[in-house]
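S.K.: Throw the hints in and build the complete structure from the sequences for me.
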Amino acid sequence: MTKDQLLTRLLTRRRALLAGAAAVGAAGTAGLFAALGGEDPVKPPLPAAGPPARRPLKPSAYRLQPLTGYGPPRTAPGRTPVRREPLLRVHGRGRTMVLTFDDGPDPRYTPAVLDTLAEYDVRAMFFVCGEMAVNNKDLLERMSDEGHIVGNHTWSHPLLTRLSRGRIRSEMERTSDVIEEAYGERPQWFRAPYGAWNRAAFQLGAELGMEPLAWTVDTLDWTTPGARTIERRVENGAAPGVVVLSHDAGGDRSQSVRALREYLPQLLDSGYHVTVPRRHYA
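Residue numbers are given in the UniProt record's numbering: position 111 of the sequence shown equals residue 111, and the series is strictly consecutive.
Think of the hints as simulated: they come from the structure by calculation, not from any bench.
One or more of the hints may lead you astray.
[What the hints assert, rightly or not] The following label-pair restraints were derived from C-beta to C-beta distances:
hint, residue 1, residue 2, range
1, N236, R261, 17 to 23 angstroms
2, R279, T224, 30 to 36 angstroms
3, N236, K137, 34 to 40 angstroms
4, E207, R162, 31 to 37 angstroms
5, D269, G92, 36 to 42 angstroms
6, R258, G166, 40 to 46 angstroms
7, G271, E119, 29 to 35 angstroms
8, G147, Y194, 25 to 31 angstroms
9, R279, L159, 23 to 29 angstroms
10, E181, L220, 28 to 34 angstroms
11, D177, G251, 23 to 29 angstroms
12, N135, R167, 29 to 35 angstroms
13, G147, A196, 42 to 48 angstroms
14, P81, A118, 41 to 47 angstroms
All values derive from a computational prediction rather than experimental measurement.
Note that beta-carbon positions come from the ideal geometry of N, C-alpha and C, so glycine has one too.
M.R.: Structure representation (structure tokens):
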């Protein structure tokens with residue numbers, strides 16, 4: 001290669017380097033001017049978006065929504081059947097019983113019921129009225145944290161057989177909304193006030209994803225017959241699969257609270273497994 005050819009190559013290479021530097025400088029200057037002039041500078045493309053960030057859960061929601069990132073995807077539950085009569089008993093192994101409490105939550109009596117259940121590490125069902133639950137959401141949160149089941153007992157405890165379908169739906173939906181907000185999930189069980197069921201109640205309950213649960217043993221504690229009488233009714237009616245009806249609101253429920261403290265340890269000592277039912281989807 002001659003001296004002139006070598007010089008030409010070096011000059012060509014230098015001009016290419018200078019041109020590249022000028023282009024980079026111009027791009028940076030353009031970006032600076034765009035920022036100062038109120039326009040958005042060119043930004044590098046963002047990485048592909050992942051799933052939206054979840055809102056922080058309440059402490060009660062963590063138990064209801066465990067982390068399952070490494071498990072198989074959860075399938076949606078099947079359709080709830082429309083029944084012609086409510087469930088009266090529960091299925092379970094051995095001497096299984098269910099305790100249920102209606103009309104609450106009531107800050108005067110429900111905490112004492114929860115304290116007794118917690119003392120013996122027992123789970124129960126609470127069929128709540130929306131007008132009571134809306135002002136006592138902390139008690140629903142406690143029920144969730146301690147593993148109890150909360151069911152729908154309508155908003156204002158009306159006689160459903162005298163209401164239109166629209167009114168029945170409103171009574172159920174409003175209560176389910178309050179339960180979901182405080183408890184962490186929508187109720188899967190409902191109970192008609194006074195045990196008065198009709199076709200519309202069964203159909204609407206099923207549409208809202210709830211099974212109808214009645215009872216086997218009625219303590220009639222709402223008549224305030226005395227704590228000893230309530231206790232005796234539970235003990236005499238105890239049997240595998242039995243659902244016991246009591247109340248934690250709707251009047252003076254101090255007798256119900258005292259009776260629970262007596263008959264619960266006796267049931268456990270007799271070999272009964274006091275628990276909550278599981279849903280069997282169709």
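S.K.: Does each hint fit the structure? Answer for all of them.
M.R.: Taking the hints in turn, this is what the structure says about them:
{"no.": "1", "hint": "N236 <-> R261: 17 to 23 angstroms", "in the structure": "holds (18 angstroms)"}
{"no.": "2", "hint": "R279 <-> T224: 30 to 36 angstroms", "in the structure": "holds (34 angstroms)"}
{"no.": "3", "hint": "N236 <-> K137: 34 to 40 angstroms", "in the structure": "holds (36 angstroms)"}
{"no.": "4", "hint": "E207 <-> R162: 31 to 37 angstroms", "in the structure": "violated (20 angstroms)"}
{"no.": "5", "hint": "D269 <-> G92: 36 to 42 angstroms", "in the structure": "violated (19 angstroms)"}
{"no.": "6", "hint": "R258 <-> G166: 40 to 46 angstroms", "in the structure": "holds (41 angstroms)"}
{"no.": "7", "hint": "G271 <-> E119: 29 to 35 angstroms", "in the structure": "violated (19 angstroms)"}
{"no.": "8", "hint": "G147 <-> Y194: 25 to 31 angstroms", "in the structure": "holds (28 angstroms)"}
{"no.": "9", "hint": "R279 <-> L159: 23 to 29 angstroms", "in the structure": "holds (27 angstroms)"}
{"no.": "10", "hint": "E181 <-> L220: 28 to 34 angstroms", "in the structure": "holds (33 angstroms)"}
{"no.": "11", "hint": "D177 <-> G251: 23 to 29 angstroms", "in the structure": "holds (26 angstroms)"}
{"no.": "12", "hint": "N135 <-> R167: 29 to 35 angstroms", "in the structure": "violated (22 angstroms)"}
{"no.": "13", "hint": "G147 <-> A196: 42 to 48 angstroms", "in the structure": "violated (30 angstroms)"}
{"no.": "14", "hint": "P81 <-> A118: 41 to 47 angstroms", "in the structure": "violated (34 angstroms)"}
The earlier numbered hints that this structure contradicts are 4, 5, 7, 12, 13 and 14.
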